[in-house]
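In the order they appear, the protein sequences are chains L and A.
Position 76 of the first sequence, counted from 1, bears residue number 76 in our numbering, the numbering being contiguous throughout.
Heads up: take any position in the second sequence, counting from 1, add 110, and you land on our numbering.
FYI, nobody ran anything at the bench for these hints, they're computed from the structure.
Only a predicted model underlies this, so the values are computations on that prediction, with no experimental measurement involved.
Hints may contain errors.
[To be verified] According to the in silico footprint, chain L covers these stretches of chain A (three or more CB under 8 Å from chain L):
1. 151 to 160
2. 200 to 212
3. 295 to 307
4. 310 to 317
[What the hints assert, rightly or not] Which stretches of chain L does chain A cover? Using the computed rule of at least three CB atoms under 8 Å from a CB of chain A, they are:
5. 14 to 27
6. 36 to 45
7. 48 to 58
8. 65 to 78
9. 87 to 99
[To be verified] Pairwise CB distance ranges, derived in the manner of DEER restraints:
10. A:Phe259 x L:Lys53: 22 to 28 Å
11. L:Met78 x A:His235: 47 to 53 Å
12. L:Met35 x A:Lys209: 27 to 33 Å
13. L:Ala103 x A:Leu131: 26 to 32 Å
14. L:Phe98 x A:Thr255: 16 to 22 Å
Beta carbons: idealized from backbone N, C-alpha and C, even for Gly.
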Amino acid sequence: MANLHPKSGDPKVTYEYRRKKNAEEMRMQVITFTMMIFFTVIAFAAVGAGFSKWFVVPFVLLLAVVQVIFQLYYFMHMSHKGHEAPQLFMYSGIVVAFVTILAFLTIIWL
Amino acid sequence: MAAEQKFTPQTWPESPEQATLEGKNKFLGFWFFLGGETVLFASLFATYLALKDSVPSDTHAKASDLFELPLVFLMTMLLLTSSLTSVFAIYHMKNYSFKKMQQWLFITVVLGLGFLACEIYEFYHYYHEFEHKFTSSAFGSAFYTLVGFHGGHVVFGLSWIIALMVRNAKRGLNLYNAPKFYLASLYWHFIDVVWVFIFTVVYLMGMVG
Numbered sequence: 001m002a003n004l005h006p007k008s009g010d011p012k013v014t015y016e017y018r019r020k021k022n023a024e025e026m027r028m029q030v031i032t033f034t035m036m037i038f039f040t041v042i043a044f045a046a047v048g049a050g051f052s053k054w055f056v057v058p059f060v061l062l063l064a065v066v067q068v069i070f071q072l073y074y075f076m077h078m079s080h081k082g083h084e085a086p087q088l089f090m091y092s093g094i095v096v097a098f099v100t101i102l103a104f105l106t107i108i109w110l
Numbered sequence: 111m112a113a114e115q116k117f118t119p120q121t122w123p124e125s126p127e128q129a130t131l132e133g134k135n136k137f138l139g140f141w142f143f144l145g146g147e148t149v150l151f152a153s154l155f156a157t158y159l160a161l162k163d164s165v166p167s168d169t170h171a172k173a174s175d176l177f178e179l180p181l182v183f184l185m186t187m188l189l190l191t192s193s194l195t196s197v198f199a200i201y202h203m204k205n206y207s208f209k210k211m212q213q214w215l216f217i218t219v220v221l222g223l224g225f226l227a228c229e230i231y232e233f234y235h236y237y238h239e240f241e242h243k244f245t246s247s248a249f250g251s252a253f254y255t256l257v258g259f260h261g262g263h264v265v266f267g268l269s270w271i272i273a274l275m276v277r278n279a280k281r282g283l284n285l286y287n288a289p290k291f292y293l294a295s296l297y298w299h300f301i302d303v304v305w306v307f308i309f310t311v312v313y314l315m316g317m318v319g
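Could you put together the complete structure from these sequences and hints?
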């Protein structure tokens, strides 16, 4: 089992440390979730309150981007070590996604 | 480290989803797939934005006539909460508590089914109340393709999670199925990522015109 616990010779210490680390991460996840709920409520409220379209559209888009960053980096663990390849894949995907949407919008609406 | 080896919470590795070569490969391949899914959904979003409110005559309902915020809010809460419950499931997977993982996955599935029921009601409502159909306008086609494709992902994700729960019910956790549970939860989170943009771009932006 030595290769599973490279940093500590005592498996019991490592086990308790990992348990604690997992529990702390779970607390972070709940905080993340609370903030996502909060952003969602604000976004719906901004539309419900009937503000100007020129304020609401960029505002809700910004909230969506922040929520997705939370989802990717915390819920999907992209903030953890060893996620270089997922970052490459996702950011490449996002670049192509952005260009696709930009192209369609400019072709039709400009 | 054989895939079927029996573990205890003490001997269970820190990242069980990547403890075997197969797990590592699945992890890499699945993220590559999610990058591709991002592009797929972007093209559907682009089509929707290009064809939004493109209806042949004024008798057809437009986005702001169709959508109702309370239902969309409920659907958002169901899916967002199910995303958290699948995080709980993976937390228990990493602590090697199989029963708790199964319980949280079950709650995830129930919430997902609730979302699906709302969506079916929504489409039914648009079809019968507003004559808003897949073939009635370019707007209708783009709307049902985008939102329906997401709904299809929800159906697939639910079937996947249920299949894993049933298949491994008596088997418990090992390094063979840990990557499978982990990837199913990643897929479920990705469905929520897409939904965040759907409720923002389709529904919220649809309401303000």
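Hints, one by one, checked against the model:
Coverage of the stretch 151 to 160 of chain A by chain L holds in this model, with 8 residues showing a Cβ closer than 8 Å to a Cβ of that chain against a need of three. Using a Cβ-Cβ cut-off of 8 Å, 3 residues of the stretch 200 to 212 of chain A lie near chain L, which meets the minimum of three, so the contact claim holds. With a threshold of 8 Å between beta carbons, the proposed coverage of the stretch 295 to 307 of chain A by chain L holds, since 7 of its residues qualify and at least three are required. Given a C-beta distance limit of less than 8 Å, the hint that chain L covers the stretch 310 to 317 of chain A holds, as 5 residues qualify and 3 suffice.
Judged by the Cβ-Cβ criterion of 8 Å, the stretch 14 to 27 of chain L is covered by chain A as claimed, because 6 of its residues qualify and three suffice. Only when three residues or more bring their CB closer than 8 Å to a CB of chain A does the claim for the stretch 36 to 45 of chain L stand; here the count is 5, and the claim holds. Counting residues of the stretch 48 to 58 of chain L whose C-beta lies closer than 8 Å to any C-beta of chain A gives 4; at least three are required, and the coverage claim holds. Closer than 8 Å: that is the beta-carbon criterion, and the stretch 65 to 78 of chain L has 6 residues meeting it against chain A, so the requirement of 3 holds.
Only residues whose beta carbon comes within less than 8 Å of a beta carbon in chain A count, and the stretch 87 to 99 of chain L has 8; three or more means the coverage holds. Under the hint 22 to 28 Å, the C-beta atoms of phenylalanine 259 (chain A) and lysine 53 (chain L), about 27 Å apart, fit the expected range. For the hinted restraint 47 to 53 Å between methionine 78 (chain L) and histidine 235 (chain A), the CB-CB distance of approximately 37 Å leaves it violated. Between methionine 35 (chain L) and lysine 209 (chain A) the CB atoms are about 30 Å apart, so this pair conforms to the stated range of 27 to 33 Å.
A hinted range of 26 to 32 Å is violated for the C-beta pair alanine 103 (chain L) and leucine 131 (chain A), which are about 40 Å apart. At about 20 Å, the beta-carbon gap between phenylalanine 98 (chain L) and threonine 255 (chain A) stays in the expected band of 16 to 22 Å.
Against the hints set out earlier in the document, violations occur for numbers 11 and 13.
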